[in-house]
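Asks: The numbering used here numbers the first residue of the sequence shown as 1 and each following residue consecutively.
Calculated directly from the structure, the hints in this document are not laboratory data.
Just so you know, not all the hints are guaranteed correct.
Quick list of the computed label-pair ranges, beta carbon to beta carbon [to be verified]: (1) I74 with A14: 19 to 25 Å; (2) Q28 with S118: 37 to 43 Å; (3) Q113 with K76: 31 to 37 Å; (4) G10 with I74: 25 to 31 Å; (5) T115 with V2: 24 to 30 Å; (6) G10 with T31: 27 to 33 Å; (7) V2 with R45: 29 to 35 Å; (8) K43 with S106: 29 to 35 Å; (9) G42 with I74: 34 to 40 Å; (10) G15 with P41: 29 to 35 Å; (11) T75 with S11: 27 to 33 Å.
This structure is a prediction, so every number in the text was calculated from the model and none was measured.
Virtual Cβ for every residue (Gly too), placed ideally from N, Cα, C.
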Amino acid sequence: QVQLAESGGGSAQAGGSLRLSCAVSGRQLTTMGMAWFRQCPGKAREFIGDIKWSSGNPEVREPMKGRFTISRDITKNMIFLQMNSLKSDDTAIYFCAARLAGEDYSYWGQGTQVTVFS
């Protein structure tokens, strides 16, 4: 059974940085597609970016590209979301997710709250 657990959320000042972690258990992350999502207050969940399971190449969508970076540590079976130049609009619950080949994202962590204040 695949389980995901996020950590590293908290409060940060606008312009600051936070690094979120996602620990994966039950399966090697290199056999799954891994991604980060977030849900801002009153909005639908949105896709931030993913990291390819074979190459490990990350991709972050606009408008977070350039501020957010996704990486992984295979030895620790973890993925990370480095968030820089934080804005108040980045306030959200952040989730990591995993999917098997040919499937949708069906494994989710419990989420971690990020609050950015001015």
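Asks: Taking the hints in turn, state whether each one holds.
Replies: Hint-by-hint comparison with the structure:
A C-beta distance of roughly 33 Å is found between I74 and A14, which places it outside the suggested range of 19 to 25 Å. Here the CB-CB span from Q28 to S118 is close to 41 Å, well matched to the stated 37 to 43 Å. At about 23 Å, the beta-carbon gap between Q113 and K76 misses the expected band of 31 to 37 Å. Under the hint 25 to 31 Å, the C-beta atoms of G10 and I74, about 26 Å apart, fit the expected range.
About 28 Å separates the C-beta atoms of T115 and V2, a value consistent with the hinted range of 24 to 30 Å. Our hint of 27 to 33 Å for G10 and T31 holds, since their Cβ atoms are close to 31 Å apart. Our hint of 29 to 35 Å for V2 and R45 is violated, since their Cβ atoms are close to 19 Å apart. Judged by the Cβ atoms, the range 29 to 35 Å given for K43 and S106 is violated: they are separated by roughly 22 Å.
The given range of 34 to 40 Å is respected by G42 and I74, whose C-beta atoms sit roughly 37 Å from each other. Distance hint check for G15 and P41: the Cβ-Cβ separation is about 20 Å, which falls outside the suggested range of 29 to 35 Å. Here the CB-CB span from T75 to S11 is close to 30 Å, well matched to the stated 27 to 33 Å.
Of the numbered hints listed earlier, those contradicted by the structure are 1, 3, 7, 8, 10.
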